[in-house]
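Chemist: Below, each chain spelled out in residue letters.
Number of protein chains: 2
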Amino acid sequence: MALVVQKYGGTSLGNIEKIKVVANRVRETHQKGNGVIVVVSAMAGETDRLLSLAKDITAQPDEREQDVLASTGEQVSCALLTMALKSLSIKSISYVAHQVKIRTDNAFGKARILDVDSKRITRDLRDRKVVVIAGFQGIDDKGNITTLGRGGSDTSAVAIATAAKADICEIYTDVEGVFTTDPNICPEARKLNRISYDEMLEMASLGAKVLQTRSVEFAKKYQIPIHVRSTFSDRTGTIVTREDKDMESVIVSGVTYNKDEAKITVTKIPDRPGIASKLFTPISNANIIVDMIIQNVSADGFTDLTFTVPKADYKKALELVQITAKEINAKEVLADPSIAKVSIVGAGMRSHSGVASAMFTALANEGINIMMISTSEIKISCVIESKYTELAVRVLHNTFCLGENNDLKN
Amino acid sequence: MALVVQKYGGTSLGNIEKIKVVANRVRETHQKGNGVIVVVSAMAGETDRLLSLAKDITAQPDEREQDVLASTGEQVSCALLTMALKSLSIKSISYVAHQVKIRTDNAFGKARILDVDSKRITRDLRDRKVVVIAGFQGIDDKGNITTLGRGGSDTSAVAIATAAKADICEIYTDVEGVFTTDPNICPEARKLNRISYDEMLEMASLGAKVLQTRSVEFAKKYQIPIHVRSTFSDRTGTIVTREDKDMESVIVSGVTYNKDEAKITVTKIPDRPGIASKLFTPISNANIIVDMIIQNVSADGFTDLTFTVPKADYKKALELVQITAKEINAKEVLADPSIAKVSIVGAGMRSHSGVASAMFTALANEGINIMMISTSEIKISCVIESKYTELAVRVLHNTFCLGENNDLKN
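Protein sequence lines, in the order shown, are assigned to chains H and V.
Take any residue in the first sequence, count from 1 to its spot, add 1207: that is its number in the working numbering.
Take any residue in the second sequence, count from 1 to its spot, add 1207: that is its number in the working numbering.
In short, the hints are calculated from the structure, not lab data.
None of these values were measured; they are calculated from a predicted model.
There's no promise every hint is true.
Copies of one chain are not kept apart here, so a pair can be met inside one copy or by any two copies together.
Derived pair list, reagent style EDC-like, types lysine to aspartate or glutamate, alpha-carbon separation capped at 16 Å [unchecked claim]:
1) 1317 x 1270
2) 1349 x 1331
3) 1485 x 1526
4) 1416 x 1389
5) 1349 x 1255
6) 1227 x 1263
7) 1225 x 1263
Construct all of the structure, not just a fragment, from the sequences and the given hints.
Modeler: Now the structure itself:
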């Protein structure tokens, strides 16, 4: 018999009927003799409803109070699911963050979990209780309520699985698992049976919205296997686990895209030490996250610098850069919000050559111009014109044989 | 400068605009140099919305989980009000029960406050912060979330005022104060300027829905003056305070009524010791609260027994009594749900005679039959036919000169 952590997202708990479906699902696992810990998100739409109340109060709601507000969403679904379990005669108990000491730092709205006290949980499991815990929330050292950011319940689930020494962390969602790419864009997209933590990390941070990035980092660190699967089907989903030999034989596991960034270029910057620092310090001070940064090789004492920022922060970033550009005597600032980033991800890239050139050729064959390139050990990203996004995704998916009949992994 | 506790009820926090009105009100008090602690209820309708979610899950929601659910209502309004205060540049911080250790027993849904830890509150007040605390909730010794029952935020406010050694506890509501009777029934009803704890207790438990009974008991025990007043007006309301000479000169302070009870009579009970216990034990086991109990003087070995129960529990109580009546060989069980209880309350009754007979005469003059009578030191209650309720209230109000031109108290 195993100890299973099951995390249910907002769409799985979207209304009372769905909560009852989840309760039945939990009961099945419990009745097989497994220990079960359930981590819940807020009911779909609830977090947005709460945050819009805050916005009605003031344009800039206090961050500490926003966490006090938003954390109620998970408390509600946690209580309702426990009631549903009890009405099915399953012994069960709910906990919010302070009751099982989900300790975090004090970065309101994007706190990081430090540790979870598993004493109470373990005792309840020994009594054959299903333990239901509110995800997304924690408390800092002063007892303030914190939240972990969008998708934070995934991280709660993995952290709790780690603390309770669970055998597996199941993430229930409204899709069947992790796909080779977005099925809405590419009908040939195929569910992956297995994927490594590193690949999942690249997929998650590149725009596949299945798992919060931090939850995968956590799972990798503590080697907790994650099973991403559908609440509404019994089929096996995708197992996220440590890399093994089989995985290396697959060169590319998935294609992702991200349309939420904009590009800013500063041209003819006098090439002196400290220029990059001058440019990026004001942006960082404004809490704007810069993603890709490309600096061309300096020629005749000048250099061009291009970077991407979230579209939401693009105008702000542009203003700041224009000020700095003037100060450092750059020639001009060019901006382009109509871009997309398409990426291929695969553990096999480590040991295979020619992947990048295959990608570039495939895009060139369709007349798609590449504006920026960045690479890591297991991914290659290209920035292209936004209008080519879907085409690029389909072409790359096909180029690397990711379609239905190409499941090499199982 | 004083330390003021202000409690705002659900109707005062009914929407975002009203929350902003409350924030301005709090600011005014704070800017005069007072220390301010605010205790909030859930936004109007929110507790009902939450409890109806629970009812949709199961007809008999688990009590512990119901408290986890319901307590989110106050957490939301507490965060929103604090945001509103901060947006007015008032230093402010919100707390829920576990953060200021509002310790209660573990009677879920109707917990009693044991004590409140004022350390954090006092430190914040020293920093000139407005401290906003979620009412209605507490935690038991095991850290479980509890709630105090309907109107519980009043009790939270008084308990917090006691712990923090506040000078006054202001209860803000949608009426101007405590009235001599219900103005909807009796247009001559007049706002009382002052009333004693004991009178208020009788008024509260007899159906005047201004304050939770327990909050008045608490205030009496710790001698905290309560000021009941309107959120939407600057006029002075009603001060609930210790009894003094002036109060004794007023014979009757108010007239109350309650239509939420039903009457059950068991006739010709063989008069043996233990009969009452046999009758009431099953009712008490079913958690039904019995209000008035009248047993006639026993004649020729038989006795009649009449009592009242809440209308909601009336059918259940009737079934239980019918079973017992058969066992103890009583003649029959009569039931009447169409009753009302009208009462007069006044500290002056202690030292004045003839009050009861004046009440009975006034009712008789209108042809109103009295079915049951019960008295305490400072109140007299009569059970009458429900249809005469409004008439009885007006007649008694007039008999004891409670109208607009009869303010003897100030």
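Chemist: Could you run down the list of hints and mark each one as holding or not?
Modeler: Results of checking the hints against the structure:
1. 1317 x 1270: Classified as within: same-chain Cα gap 10 Å, cross-chain 33 Å, threshold 16 Å.
2. 1349 x 1331: For residue 1349 and residue 1331, the Cα distance is within 16 Å only across copies (13 Å; inside one copy 26 Å).
3. 1485 x 1526: For residue 1485 and residue 1526, the Cα distance is within 16 Å only inside one copy (14 Å; across copies 83 Å).
4. 1416 x 1389: within (10 Å within a copy, 58 Å between copies)
5. 1349 x 1255: Intra 27 Å, inter 32 Å, cutoff 16 Å: neither.
6. 1227 x 1263: between (33 Å within a copy, 10 Å between copies)
7. 1225 x 1263: between (30 Å within a copy, 12 Å between copies)
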